[in-house]
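Q: Each chain, written out:
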Amino acid sequence: MAVTGIILVLFLILHMLGNLKVFTGETSFDHYAHWLRDIGKPLLPGVWFLWIQRGVLTVAVVAHIAAATALARRSRAARPVRYAHRPKVQGSYAARTMRWGGVIIMLFVIYHLLDLTTGHLNPVGDPTRPYANVVADFAPERWYVTLFYTLAVVALGFHLRHGAFSAFRSLGQQTPKGERRARTAALVFAVALCAGFLVVPFAVLTGLVS
Amino acid sequence: MNLTLRIWRQSGPEDKGRMVTYQVDDVSPDMSFLEMLDVLNERLILAGEEPVAFDHDCREGICGMCGLMINGNAHGPQRGTTACQLHMRQFKDGDTIDIEPWRARAFPVIKDLVVNRSAFDKIIAAGGYITAPTGSAPEAHSVPVAKANADAAFESAACIGCGACVAACPNGSGMLFTAAKVTQLSLLPQGQPERYTRVIGMVDAHDEAGFGGCTNAGECTVVCPKGIPLNTIGRLNRDYLKATAKRGDTPGS
Chain Z
1 MAVTGIILVL FLILHMLGNL KVFTGETSFD HYAHWLRDIG KPLLPGVWFL
51 WIQRGVLTVA VVAHIAAATA LARRSRAARP VRYAHRPKVQ GSYAARTMRW
101 GGVIIMLFVI YHLLDLTTGH LNPVGDPTRP YANVVADFAP ERWYVTLFYT
151 LAVVALGFHL RHGAFSAFRS LGQQTPKGER RARTAALVFA VALCAGFLVV
201 PFAVLTGLVS
Chain B
1 MNLTLRIWRQ SGPEDKGRMV TYQVDDVSPD MSFLEMLDVL NERLILAGEE
51 PVAFDHDCRE GICGMCGLMI NGNAHGPQRG TTACQLHMRQ FKDGDTIDIE
101 PWRARAFPVI KDLVVNRSAF DKIIAAGGYI TAPTGSAPEA HSVPVAKANA
151 DAAFESAACI GCGACVAACP NGSGMLFTAA KVTQLSLLPQ GQPERYTRVI
201 GMVDAHDEAG FGGCTNAGEC TVVCPKGIPL NTIGRLNRDY LKATAKRGDT
251 PGS
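Protein chains in written order, with the numbering used here: chain Z, 1 to 210; chain B, 1 to 253.
Hints are not guaranteed to be accurate.
To be verified - Residues on chain B that point at chain Z, a partial pick, calculated with CB under 10 Å: (1) 101; (2) 105; (3) 110; (4) 111; (5) 137; (6) 138; (7) 142; (8) 168; (9) 171; (10) 188; (11) 241.
Simulated from the structure, these hints should not be mistaken for lab results. Where a beta carbon is used, it is the ideal one built from N, C-alpha and C, also for glycine.
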């Protein structure tokens with residue numbers, strides 16, 4: 001879980017930073033978006049790196065889900081008779097919502113790919129004009145799309161808040177002081193990533209980016 | 001105090017079991033939780049009914065025998081306290097209290113609130129020991145131990161093996177217990193020879209017993225009557241990673 005999660009988190013950081021390019025204007029953003037398809041040129045022919053990256057991410061996602069499924073199955077098997085009086089959440093809320101949160105994020109990623117990668121669910125859906133796609137996507141009359149994005153990103157934030165801390169722990173973080181640091185770092189990271197992702201749709205919604 | 005208890009009754013391992021409601025009146029707030037159950041049982045016996053079976057031994061909070069899920073909290077609402085040291089003053093007159101056994105596949109119910117925790121013995125047998133010379137205790141100063149390590153080892157050694165961590169864990173995992181038993185030895189010089197075979201053996205025994213996998217949810221440490229900290233699991237993880245890197249130490253390889 002930890003290793004595949006870290007691969008996905010590294011991608012998310014770059015993705016979030018790249019998204020912020022939207023504030024530099026249409027030409028610059030589109031230029032950046034086209035460059036993403038050509039990373040590695042001239043060492044690799046165009047879009048090769050893109051496909052390598054897609055392959056690595058897919059393997060990481062599949063392995064992450066496979067590990068989560070194995071844990072969930074073991075967890076179900078480990079408690080065949082449930083409590084009549086269900087224990088309330090005493091640890092962290094984020095930790096208890098990892099599985100459903102993960103499912104929500106997966107559904108969101110599928111929607112997100114159909115929206116802004118393939119363009120099927122985008123009102124513009126022109127792969128050569130990513131800036132226009134983004135602006136059309138989060139237009140004020142499509143507020144429900146922005147709402148869905150917000151919910152998904154907040155779910156991602158919760159997932160990362162526990163996930164990042166848990167990754168440190170799984171990889172051997174072992175002191176109480178380090179635990180406090182790891183929890184704080186996970187919280188700050190999750191909030192920062194959420195803010196970075198959400199600022200784009202809200203900038204479009206409020207007309208800051210148009 | 002007058003209380004309504006909803007208690008899990010199960011006549012044996014094969015019985016399906018059910019929650020049964022009992023009314024207990026005139027409970028003193030100074031009674032311990034188990035004394036309150038004793039009062040209930042005496043009344044049940046006088047009425048010719050089967051008393052509620054529950055585990056207990058020292059009633060001083062150090063033996064690890066008692067263990068009840070009280071209103072969904074392992075060992076009840078008071079932190080750092082076993083069920084036997086919990087007093088009725090923690091409850092209010094007229095309260096309804098749900099009492100259930102630990103729920104885990106590895107802890108099958110024997111009767112009512114009594115579960116079989118021998119899965120913990122299997123984990124201990126898989127590595128919870130050291131190759132110490134038998135005979136009289138050696139001179140304590142002959143093997144110096146860093147104070148920080150001694151304190152951390154002692155913190156882990158406080159585990160009484162009651163199973164509350166398993167009961168509270170959303171995954172039914174016994175990792176806090178396993179981690180406490182692994183680290184109390186791996187932090188001390190006497191525990192070094194088996195350090196890496198121990199962690200592999202005990203985690204394997206844990207998984208084999210049917211406990212779930214740890215997801216660092218942190219529910220265990222909240223209910224632990226001895227306050228074993230969650231970072232103990234991090235110590236186990238670090239030992240486990242090192243051990244898997246040097247599998248050569250494993251018996252049979």
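Q: Against which earlier hints does the structure fall short, listed by number upward?
A: 3, 4, 5, 6, 7 and 10
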